[in-house]
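Engineer: These are the residues of each chain, in order.
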Amino acid sequence: MTWIDFPLYSSLIVILWIVGLVFLAVSYKKQAVFKISTALFVVGWAVLILFVVKLWLELDRPPMRTLGETRLWYASFLPLIGFVTYIRWKYKWFLAYSIAMASMFLAINYLNPETYSKTLMPALQSPWFIPHVLVYLFSYAVLAASSIVAIKGWYDSYKGNLNLETLKLADNLVYIGFAFLTLGLLFGALWAKEAWGHYWTWDPKEIWAFLTWMGYLIYIHYRYFHSQKTTQALTILALAFVVLLVCWFGVNYLPVANTSVHTYTQY
Amino acid sequence: MNDNNFKIQRNLWESPWGYIESFFIGFGLIVTGFFLEVFIASETAFTLKYPYNVIFLAGYVLLLFMANKWFSTSQLIRWLTKVPASISSIVLVTLLVMVMGIIPQVPSNNNIINNLGLNHITTHWAFILIIFQFLTCLGLISIKRILQFKWDNFGFILNHVGLFLALIAGILGTGDLQRLSLNVYENKPNWIATDAERNEVELPFAIYLKDFIIEEYNPKLALVDNSTGSIALNDGKNLYLVEKGETYYFNNFEVKIEDFLPNAIRFGMRYESVNEIGSPPAAYITVKNTENDSIQSAWISSGSFRYPYESLKISEAYSMVMTIPEVKKFSSDIDILTQEGERISTVLEVNKAFKYNGWKIYQLSYDDKMGKWSDLSVLELVKDPWLPIIYIGIFMMIAGAIYMFWTGNKITKNS
Chain A
175 MTWIDFPLYS SLIVILWIVG LVFLAVSYKK QAVFKISTAL FVVGWAVLIL FVVKLWLELD
235 RPPMRTLGET RLWYASFLPL IGFVTYIRWK YKWFLAYSIA MASMFLAINY LNPETYSKTL
295 MPALQSPWFI PHVLVYLFSY AVLAASSIVA IKGWYDSYKG NLNLETLKLA DNLVYIGFAF
355 LTLGLLFGAL WAKEAWGHYW TWDPKEIWAF LTWMGYLIYI HYRYFHSQKT TQALTILALA
415 FVVLLVCWFG VNYLPVANTS VHTYTQY
Chain B
179 MNDNNFKIQR NLWESPWGYI ESFFIGFGLI VTGFFLEVFI ASETAFTLKY PYNVIFLAGY
239 VLLLFMANKW FSTSQLIRWL TKVPASISSI VLVTLLVMVM GIIPQVPSNN NIINNLGLNH
299 ITTHWAFILI IFQFLTCLGL ISIKRILQFK WDNFGFILNH VGLFLALIAG ILGTGDLQRL
359 SLNVYENKPN WIATDAERNE VELPFAIYLK DFIIEEYNPK LALVDNSTGS IALNDGKNLY
419 LVEKGETYYF NNFEVKIEDF LPNAIRFGMR YESVNEIGSP PAAYITVKNT ENDSIQSAWI
479 SSGSFRYPYE SLKISEAYSM VMTIPEVKKF SSDIDILTQE GERISTVLEV NKAFKYNGWK
539 IYQLSYDDKM GKWSDLSVLE LVKDPWLPII YIGIFMMIAG AIYMFWTGNK ITKNS
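Chains as they are written, first to last, in this note's numbering: chain A, 175 to 441; chain B, 179 to 593.
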């Protein structure tokens, strides 16, 4: 088992990434060092991919079965999405976020070696599992960021000095987050068709995911046509995030929870 | 449409209709729906079956095109293609779905919920009417943008047309959707399936179950609180898989698994491997209390539907138990017997369905009381002739989402 080498590989990767993150933080003051941090991220990522390939060859099956292996894939894909988003939108913090999340997943694997063999119920053993969860993870992260921007915008407009740039940033984050949200929802539908026989069953989690999607849909349409009505737009954005939070954490506490296929926590 | 429209003083219902009129119409539709629901209550849900749904779809799309071509200046059509109508219908659909997200969609004892039909929103008249308005808005603007095609509108068309296709095919397709479940026992063919209402449906082919196989994970070892009977460590999240030779630590106990037998029965002082129905897994463990160095060894077993479980009391407060093994994978080795006398062999598994003659055959369940000794396999058969249209819609939306990610909103697009 090459999992035995994991502590070595993961420490190396995490050290490279942490140093990279430090350089990234410095690059806000001194742009030139940003190149160093990207180089460190890329080298760390290459080491990770090397490990995944070795593991795959050793196991003779795609390492996608256990939770530990799933985390390994998160850790591999997160920096990739971070980079694509950075190349397109130049959000350094988002790159940092994706690297930090990836490091966190590696750290969890390092600290809980027994979870490598943890059981995974048959319905979750699907190639759709990772893309479905991964795009949602990103979508929530970006939409959470957009809400922080919205709160700042609210505060600014309360003070009477709302900068239109703030709203543009919120818009952009919502567009990116909404794109990921749509992908998560649709990947979920495609997976459900493969696993449960139907693409849409109005499962409580599905309902709230749909509501979240509708909430941001309202924001996008409202902003598109009423670009001057900032306070209303910010209110819609805040409400949409409340719905998102219900979808994420709240569903389990609603009276509808016991009919959901998404409440794994009770097992 | 810009904000100036709303700053000009104008009377209600004066052209063009704005948000107030839009919500007025939307609420009107919902109230109408509730009246229909309460006073014209029917036991069965309103669905269209082939060929009526195809005729409806063709007529509907034709009407939308005609409305766009000849009536685009009329008050109603102009309103439907403008933002207030879209936003109000999105908001109202959201509200109704929110009801669905709060009130369980199952038969209820509450009279208000029952009478208003709040526990079957998807077949509720109010929902159908408001979705219809939503789709009409969506359809009309889609047609408008398709007819005035520009590359700038590419993402817009992917998203809007994709959603329109997925929704309309999903809604109209329910009438033709067949979801049946079929019980097959080992070495017996069966062709009588049952639908959701437990009606028997005869299939045009039979399914013969050659073998039903369950693979299990090893059982898990857990520390149990003697007074409550519940798992004591980390809310039950930190259970350890039982594997021969492993040593695990629970609080101040060092537990070594000396031996593990996946199928065993007790013979006097010990467990022996057997090949018998209902024989549970068993393990021989040595527990060392690191506080006083006392050691005890014993056989424990998770038990099965035939044999009792055995645990080991390691202190006044705690016992070691072995959980019932979890299922890793279950599959059915089947033959499909066609009317033409053909025999098609395949293996069904969760997440690995088999397509045959317009049907998709899924591994659904088994006799969970019998566990891995179940000779019953429950299959699900799904026929959804509208699926290709839904998939076209879904893939258009996926492409639209990627486009959206890359292009951003109109501000970044133009700059």
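These are computed hints drawn from the structure, not numbers from a lab.
Any given hint could turn out to be false.
The calculated DSS-like cross-link candidates involving lysine-lysine, where the alpha carbons are at most 30 Å apart (straight line), are [as the list claims (entries may be wrong)]:
(1) LYS228/A <-> LYS506/B
(2) LYS379/A <-> LYS466/B
(3) LYS328/B <-> LYS366/B
(4) LYS260/B <-> LYS342/A
(5) LYS491/B <-> LYS466/B
(6) LYS388/B <-> LYS379/A
(7) LYS388/B <-> LYS550/B
(8) LYS322/B <-> LYS260/B
Engineer: Each hint should be assessed against the structure and marked as holding or not.
Structural biologist: Verification of the supplied hints:
Only pairs whose Cα atoms come within 30 Å are accepted, and LYS228/A paired with LYS506/B is accepted, the gap being roughly 25 Å. Distance hint between LYS379/A and LYS466/B is unfulfilled; the C-alpha atoms sit about 45 Å from each other, more than 30 Å. Straight-line distance between C-alpha atoms of LYS328/B and LYS366/B comes to about 60 Å, which puts the hinted pair past the 30 Å bound. Our distance criterion of 30 Å between C-alpha atoms is met by LYS260/B and LYS342/A, whose separation comes to about 24 Å.
A threshold of 30 Å between alpha carbons decides the hint, and for LYS491/B with LYS466/B the separation of about 12 Å falls inside it, so the pair holds. At most 30 Å may separate the alpha-carbon atoms for a hinted pair to count; LYS388/B and LYS379/A exceed this at roughly 37 Å. About 15 Å separates the Cα atoms of LYS388/B and LYS550/B, which keeps this hinted pair within 30 Å; it holds. Taking the CA atoms of LYS322/B and LYS260/B, the gap is about 11 Å. The hint holds against a cut of 30 Å.
Checked against the numbered hints above, the structure violates hints 2, 3, 6; every other hint is satisfied.
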